[in-house]
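2 protein chains.
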Amino acid sequence: MAMTSTENRRVVLASRPEGEPRPENFRLETVPRPEPGDGQVLLRTLWLSLDPYMRGRMSEAKSYAKPVPVGGPMEGGTVSEVVLSRSDRFRPGDVVLAHGGWQDYAVADARGLRQLDPEAAPIQTALGILGMPGMTAYTGLANIGQPKAGETLVVSAASGAVGSAVGQIGRIRGCRTVGVAGGPEKCRYLIEELGFDAAIDHRAPDLPERLREACPNGIDIYFENVGGEVWTAVFPLLNDFARVPVCGRIAHYSDTAPPPGPDRTVQLMAAILTRRLRLQGFIVSDFAAQQGDFLREMAGWIRDGQVRYREDVVEGLERAPEAFMGLLKGRNFGKLLVKVAERSAS
Amino acid sequence: MAMTSTENRRVVLASRPEGEPRPENFRLETVPRPEPGDGQVLLRTLWLSLDPYMRGRMSEAKSYAKPVPVGGPMEGGTVSEVVLSRSDRFRPGDVVLAHGGWQDYAVADARGLRQLDPEAAPIQTALGILGMPGMTAYTGLANIGQPKAGETLVVSAASGAVGSAVGQIGRIRGCRTVGVAGGPEKCRYLIEELGFDAAIDHRAPDLPERLREACPNGIDIYFENVGGEVWTAVFPLLNDFARVPVCGRIAHYSDTAPPPGPDRTVQLMAAILTRRLRLQGFIVSDFAAQQGDFLREMAGWIRDGQVRYREDVVEGLERAPEAFMGLLKGRNFGKLLVKVAERSAS
Chain A
1 MAMTSTENRR VVLASRPEGE PRPENFRLET VPRPEPGDGQ VLLRTLWLSL
51 DPYMRGRMSE AKSYAKPVPV GGPMEGGTVS EVVLSRSDRF RPGDVVLAHG
101 GWQDYAVADA RGLRQLDPEA APIQTALGIL GMPGMTAYTG LANIGQPKAG
151 ETLVVSAASG AVGSAVGQIG RIRGCRTVGV AGGPEKCRYL IEELGFDAAI
201 DHRAPDLPER LREACPNGID IYFENVGGEV WTAVFPLLND FARVPVCGRI
251 AHYSDTAPPP GPDRTVQLMA AILTRRLRLQ GFIVSDFAAQ QGDFLREMAG
301 WIRDGQVRYR EDVVEGLERA PEAFMGLLKG RNFGKLLVKV AERSAS
Chain B
347 MAMTSTENRR VVLASRPEGE PRPENFRLET VPRPEPGDGQ VLLRTLWLSL
397 DPYMRGRMSE AKSYAKPVPV GGPMEGGTVS EVVLSRSDRF RPGDVVLAHG
447 GWQDYAVADA RGLRQLDPEA APIQTALGIL GMPGMTAYTG LANIGQPKAG
497 ETLVVSAASG AVGSAVGQIG RIRGCRTVGV AGGPEKCRYL IEELGFDAAI
547 DHRAPDLPER LREACPNGID IYFENVGGEV WTAVFPLLND FARVPVCGRI
597 AHYSDTAPPP GPDRTVQLMA AILTRRLRLQ GFIVSDFAAQ QGDFLREMAG
647 WIRDGQVRYR EDVVEGLERA PEAFMGLLKG RNFGKLLVKV AERSAS
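Chains as they are written, first to last, in this note's numbering: chain A, 1 to 346; chain B, 347 to 692.
For reference, chain A alone in the conformation it holds in the complex:
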């Protein structure tokens, strides 16, 4: 067994960021390890997932989830190991999917945990391709994107955890898939490793022209993760009846003021009408009932080699803030994970 400590290191929200998060918005502190009550388990974090949505939790603005309180531990999905159990559902050594947060230890109700089978897949994939990001891609594309063979699908942040799954599922559904990503290395990866039909560097000064060339038949589905200049380039290319699943807007998460005019809302609403566009936001929990389908289908695609994934692993809880700030700037390459502890030898 790995050593268990009576102390708990955790990263708390020290202050709310103005604009981009900075190191002083986070604080690493050590507190006593919590104790589980009846029906609860004590969990040790093995893997912590870092995801763009966490930027929203740092702000007080109304969103689909409550903000993290100042002084409270940052929230996040984890793959964790049961250390102590006061529930007959789990035993020490069990590996579970949890919302442990940015800390070494967490207490959780046994009912809220999903047990993982370490023999079936690498456990950290429950935070990536077989977890929230993969299911976000799967459900958003199926329910809102509604891909049909021969259509053109564009996805932004295409080498990221969600985007890379969107593109590959689109390819499986018979779409022409075009990814937008940051830098030549990511673009090469999209084409050579993931089978995208085209990849475009969003830093290219002629992004609109390159996107137009990559989409000779226009765009039928735009899976929106980014906003900003990518959206501006995509918008004129949207075909009649195009669908836009709005999943993320990472270019704007640290905006401090609305951009200058003119007000393009009127132009957007005009296009929605005349081109009969469908823009729809969603979060993965809206489609929770589809988890069974997702897990079955995605596990099959991974087994067959039809879907690949890439992980960007940072070692050590103390590096989570730096890694998260890098994520918001697109510095990660693949699903960003913090390896917090080794699994106990069982």
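Misleading hints may appear alongside valid ones.
No more than 30 Å apart at the CA atoms, straight line, and that leaves these computed lysine-lysine pairs for DSSO-like [to be verified]:
| # | chain 1 | residue 1 | chain 2 | residue 2 |
| --- | --- | --- | --- | --- |
| 1 | A | Lys148 | B | Lys675 |
| 2 | B | Lys494 | B | Lys685 |
| 3 | B | Lys412 | B | Lys685 |
| 4 | B | Lys494 | A | Lys62 |
| 5 | B | Lys675 | B | Lys408 |
| 6 | A | Lys339 | A | Lys329 |
| 7 | B | Lys675 | B | Lys685 |
| 8 | B | Lys494 | A | Lys66 |
| 9 | A | Lys66 | A | Lys339 |
| 10 | A | Lys62 | A | Lys329 |
| 11 | A | Lys329 | A | Lys66 |
| 12 | A | Lys148 | B | Lys412 |
Treat the hints as calculated values from the structure; they're not laboratory data.
Guided by the hints, dock chain B onto chain A, whose structure is given.
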């Protein structure tokens, strides 16, 4: 039989409007009556429908239909009478739904016409509650609005041909229905005649506050006919998972430049994501397959007295431009129709 003429009066597009259409953009001219070819009929216009979409046809901007050419007759749906038939589908005296345009006579392929039964309903209802506007309301609300009992439905241009049907169908579906219309007379009509739960004058200086008071549980469906200040008032009240069928934007049809900043697109896309809104444009022909359901259900509601309609009738083709310009300013009260000729005694 009413007299038939060898001349054809028609209203042509004299020039494309800059901003709001003006009298000089139209011209009434007299040309020889057209002659039907094989498989065609000669139609005399009895009723001409005037609808907001016609403003789009006057401009060259890309839309879902081609613009009317300068010098060409204005397009429009008509209820017409067959005068001469070179098809075995129709006989003189038959009444049909056609796209005869703003003119006394038109030639049409017999295949494109739907015969109307003058005994079943007043023939001009095929241009209103039992025609394009009614079906626009029915299909947009069903397919995009997806009303559920207990939800709050807001519709703009609520006393108009589309809006009045939207509100009444919403009431039948069990929604709280709130109409936005121009002036106290129309608002009174919505509540007293059509059974809306609340009606708000869009000219009220405190429109946002009044709308908020009328929607204590927020807005689940906003059927968009208008844009402008109504949209601005509706937007903050949209609930999570709200649906916005985008059917029209009459406040903007004569815009000559985009409004000043800030650019609220970013705010809109943020709300689409965090509130999981669905904004979707449509035109009635997108749902052509549902015409049978529409006609059956709507005819039943009219028969039962569950749906009422109001017509605003202008006499004489020569008055069509003036009536149309008034429509764009909201001066009509109910479905705007031009009575062009009497039906022949049969």
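The hints, checked one at a time:
| no. | hint | verdict |
| --- | --- | --- |
| 1 | A:Lys148 x B:Lys675 | violated, 42 Å |
| 2 | B:Lys494 x B:Lys685 | violated, 38 Å |
| 3 | B:Lys412 x B:Lys685 | holds, 26 Å |
| 4 | B:Lys494 x A:Lys62 | holds, 26 Å |
| 5 | B:Lys675 x B:Lys408 | holds, 23 Å |
| 6 | A:Lys339 x A:Lys329 | holds, 21 Å |
| 7 | B:Lys675 x B:Lys685 | holds, 21 Å |
| 8 | B:Lys494 x A:Lys66 | holds, 27 Å |
| 9 | A:Lys66 x A:Lys339 | holds, 26 Å |
| 10 | A:Lys62 x A:Lys329 | holds, 23 Å |
| 11 | A:Lys329 x A:Lys66 | holds, 24 Å |
| 12 | A:Lys148 x B:Lys412 | holds, 27 Å |
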